[in-house]
Amino acid sequence: MLPLGLMLLLLPAAPSAAATDLPGSGAPLRAELGASTPVPGSPSASALLLQPGAEYSPSGLALARSAEVLVSTGEEEEGQQHHNHGGGYRVVQWEWSYVQTPYIIAIWLLVASVAKILFHFSQRFTTVVPESCMLILLGLVLGGVVLIANKKQLYQLEPALFFLFLLPTIVGDAGYFMPARLFFDNLGAILLYAVVGTLWNAFCTGFCLYGVKLLGVIDERVQADLMDFLLFGALISAVDPVAVLAVFEEVHVNDMLFIIVFGESLLNDAVTVVLYKVYISFVEVGPGNVQTADYFKGVASFLIVSIGGTLVGLVFAVILGFITRFTKKVRIIEPLFVFLLVYLAYLTAELFSLSAILSMTFCGIGANKYVEANISQKSRTTVKYTMKTLASIAETIIFIFLGISAVDKSKWAWDTGLVSCTLIFIFIFRAVGVIGQTWILNRFRLVPLDKIDQVVMSYGGLRGAVAFALVVLLDGEQVRAKDYFVATTIVVIFFTVMFQGLTIKPLVKWLKVPRSTSRKPTINEEIHERAFDHILTAVEDIAGLQGYHHWRDKWEQFDKNYLSKLLLRKSVYRKSELWEAYQKINIRDAISVIDQGGNVLTSARLSLPSMASRTSFPEVTNVTNYLRENGSGVCLDLQVIDNVPGAKVEEDTETHHVLAGNLYKPRRRYQSHYSRHFMPVGEKERQDREVFQRNMRSRMETFKSTRHKRHKKERSQKKRRGSDTKEEGNDKPRRNVSWQDKDPVVVPIDSEEDKGEHSDPEKEEDVGITFVAHNTETPKQRPKSVPAGLDGCQSPSNQLPWKGGVGSLPPCVSVEATKIIPVDLQQAWNQSISSLESISSPPVPAEPVHPRVSALSRLGGPRPASYTPTGSSAGSTSSIAAHVAQGSVTFHFPEKEEEDEEGGGVSEQQQEMQPLMSSLRPPGPPPPPPASAFGSGRRRNPCVYLRSLVTVPPPGSEMYTRGPTQL
Amino acid sequence: MGSRASTLLREEEIEEIKKETGFSHSQITRLYSRFTSLDKGENGTLSREDFQRIPELAINPLGDRIINAFFPEGEDQVNFRGFMRTLAHFRPIEDNEKNKDPTASEPLNSRTNKLLFAFRLYDLDRDDKISRDELLQVLRMMVGVNISDEQLGSIADRTIQEADQNGDNSISFNEFIKVLEKVDVEQKMSIRFLH
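First to last, the sequence lines map onto chains A and B. Mind the numbering: the first sequence is residues 1 to 967 in the UniProt record's numbering, read in order. Mind the numbering: the second sequence is residues 1 to 195 in the UniProt record's numbering, read in order.
The shape of chain A in the complex, shown without the other chains (with noise of 0.2 Å):
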């Protein structure tokens, strides 16, 4: 294909060979053709490249040039066609100039493409010489063929080609999978290098080789004044994406080296825009015209277009972010609006000449957490390789073009004086900033940059095609050593892509800096760099520091409260942020299993638990859906954790996945790296909240008296008695008793999993396989049928409450609960039962509220009863309240006093249930109407989610889990 692709692209500019070797028509035409030198093209042929250049093919105005050359003398060849030929039909006819501008695209395409799986022929060859290399090499090749060929130089690397569809994609790709927490965490240093750096480069490069000039280092030839060198110097100062990505992506130094110089080559984007435009201004007006407002406008202008470009960013991010909440029914297209917009945020701020670059990498940043969590998985994957695919495709144009243009003789103005200056002062002056600056730095980084890491930095001050097409750009009228520029700008190139691109993997080799490792994190390093971060922030709190914690968190706040809730979906939101992110990670996890070598069984069981765990959100469908689909998964999970103990990998990776999903994170974590960062919004709430209550909860433990303790193992004897004798009446009384003898500590819910956890951990370990089993069984049915619904209710009465909690309730409950409540009221009721809870706050609340409010429920049907209990709860809360008020402690007794309480206080619903409550009253021997009194299924239901309300946190969090734990 090589020989083919080079042939092709050498016809129009080999006139004379061609036209002794091809046979037919197409020979003569082609001399013609390489002949007639490059005329702007028409209107309609340039039309025709640009319509589909946007998407597909970057590389389209690259060989607009020559298509137009070809256009332009299409008739002439239909003419000649027919005399060649004669009339009449013909079997086979030759349609060159029809096809050939997606032709040649395509065939430029291809030989980058081909030439890059040359290169990767030989791995000992690829490590040492980067790619950027290889095909500026091969560019210069090809140059020097089609220079040999034609006497003249037909491509170049078109700086609009560049700037408007080459560039984009590459930094569209690295906005959009930026590590934002690296980023972020490293912005002061990147922003200082960026602006201060790139300024500092700028002028001091300019004014020394003016000041070189004057000494007469530089040839006479040269026409440049001051402005000129300057501008020459802003041009030429700047890092380059493009470079640094190419060869800091083979060096693999460490995360953190990488960042910043990657993120300052795309921030000083708008320090290079601005210095560019101004100085084009100045050298314009002539130096002698430029007045001191100028400057004030200069730095002006450079706030503007950095700011207004961030600005464009963001809002085409929430653009985005907006757009792909609505995209269910069309998700085929969800890839598109991720290329479209990012794309436009870039055209947007070419369109107001502000920073395009700034504003596509803040698009990209800002957009990913959003529409990574509305787009489907396969849209995601997408995305990820179409973009990759033509950043990959547009930096090996890139880079052959570079090679290309440089063999031009026309453009070349050689003096050894200016490029031996340039390259002199770019480097010294990049040291020289780098060092002064990461002094500064070092003075308030808590990771200092050492002497290596300022090296690297130093010698990674590549300058690529941006720096190229800026000088190319250049007006030859008004700067008139723009031959010398254009020279020296392809020396420097060359000289930091090849040289400094060649030799900086045995420096970095040599000077031993830390590499970035792809190794996964051992359990052990994932438990415990997690503690370190709770540690961490925990000591900061202590010692009352606010640094760039406050202000992330008060971000995380903002992006909870305002931005998530505008730019996610609502089930997103609302539910399935949690599902969603958890599937997103376990489909990568699962991906990378099977990339690796693992089985398709191993993926499967990955994205299991989660399932399990996850299915419990009160959306009913889903819920039941969920159950049924993934009940026997959920066995197959445990089981094959259980059973299949070999594969130290899958294991790995199993524990991994569990532990990286369901750790709490720490604030600072909350968003790290890309990958993890989509971070459900109500996730931290839900976290805060039972670390909150499980503090609270220790801590109460820790204060309480022996006497307390002592009463405490008492009643779990009296537990297991009752328990024993299976008699429902008399459990429930005594868990009354058990709920009024608490200390009016506030201790929300969730005790019993503690309780489960200090006292009782055998108990505990089986009760995931109950779970299980319960699990598996169809939801739905259970409801319905009373002696299922008997048996949901009542199954924890007849154990101990944290065991049989955890091992029955929770499907009958979630389906139920969410069945019967409507939406609106299970706010309020979460509400007022939350509060009776922390303010009776029991270490076993849920079980004592549990059967009043049951026995409430019982007055009325279903239907009211999700009413009126809503208003009884908030009349016992008001009671317990006054309980607590008065201390009144009781313990045997308490039911009398509370039904006093309540008798005096609050409904009449109340009061006629009082007879149910006393006949339930813990002394009396006998329990007479136990809840199967009452059992029917109707009003079984009730109960049921009543119960499951007591236990459902607020919104946001979920029923299903924590409801087990409480019952």
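These aren't lab readings, by the way, just hints derived from the structure by calculation. Careful, some of the hints might be misleading.
Said to hold, decoys possible - Straight line, CA to CA, 25 Å or less: simulated SDA-like cross-link-like pairs of lysine to any residue:
1) B:K182 to A:R181
2) B:K18 to B:P72
3) B:K182 to A:V513
Dock chain B against chain A, hints included.
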């Protein structure tokens, strides 16, 4: 608050703390003012309640363990000296400290001491071993309720299995160091105290 802090802190005290912890003078006075603002009882010591009043700690999964780490064994109060001694664990290691002569006692913020601090959070019974139960407790603290106990148990088993070298089914401090040897503890267990 600041002025009061500095007046209450004697110079020689500052010097001693400086020597012991490596904090700078301004850091010490700053942290002292923090200390006094936490000290609601105004008796020059902090109790557990004083720590627990910090709202952020209440939502920190390991909050109480960390509070406990501030208190010497069996004591309920911590004075400023002890407060600073604990905080000193998290001071970043500075360049000039790396090449200190080895004969001097190890600074509080050395890698080993940082690790020891973390280790102690796990090791409740102070037998210099993290048992499976101790690990499970911490895991349960750090993990949401979404993980079943089997899963958590298998994680704990796996963790211990990975770290355990002598087969006693628990993680000793040496094993703890070993298993984290590739982690940049110096960085990940340091925070920036303002100058």
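How the hints compare with the structure:
1. B:K182 to A:R181: holds (22 Å)
2. B:K18 to B:P72: Distance of about 20 Å is within 25 Å: holds.
3. B:K182 to A:V513: holds (15 Å)
Checked against the numbered hints given earlier, this structure breaks none of them.
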